[in-house]
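Colleague: Sequence:
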Amino acid sequence: MQDKNEPPRFKPVPWQGLESPADVELWIEEHNLSLQQHIGKNETGYGVCFTLAEGGEIYMQTTQDGALILDVTPEAQWVAPLIMAAARLGEAPPGSMWVLPDDKLVQLMIGLSGLIATSMLVVGHNFGLRRRMGAW
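Residue numbering for the sequence shown follows the working numbering, starting at 1 and increasing by one per position.
Heads up, a few of these hints could be off.
Said to hold, decoys possible - The calculated lysine-lysine pairs, modelled on DSBU-like cross-linking and capped at a C-alpha distance of 35 Å, are:
{"id": "1", "residue 1": "K11", "residue 2": "K104"}
{"id": "2", "residue 1": "K41", "residue 2": "K11"}
{"id": "3", "residue 1": "K41", "residue 2": "K104"}
Hints listed in this document are in silico derivations from the structure and should not be mistaken for laboratory results.
Let the sequences and hints guide you as you build the complete structure.
Modeller: Okay, here's the thing in structure tokens:
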């Protein structure tokens, strides 16, 4: 966990649009390399935060068991129909946590790409904490 008196460890990076599955695959490779280079072995809650140009953030993490976890802030709930379409879901989950199969990542990233202003690595985000506490 980062000391609150230290400058931020990661900074937002302007987003470069992803237009094809090949673009997404390249972004995934670069993102995984960044995680390997900058995240310590004992750190938890790591992933990426997308700041949306029209407001709100989406925190995203992939798990080793094949899940894609999204934590959508209240200000970004407007993007729920896009997530539902990309994941082919009939309805949004209650609350802010979405758990999708990781095979939906390419479609999701192509759909979200034009809406993202910046991306930033994150550490210490409580992915799944609300779910474990019974919020949904």
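Colleague: Against this structure, judge whether each hint is valid.
Modeller: Here is how each hint holds up against the structure:
no., hint, result
1, K11 x K104, "holds (27 Å)"
2, K41 x K11, "holds (21 Å)"
3, K41 x K104, "holds (27 Å)"
When held up to the earlier numbered hints, the structure conflicts with none and fits them all.
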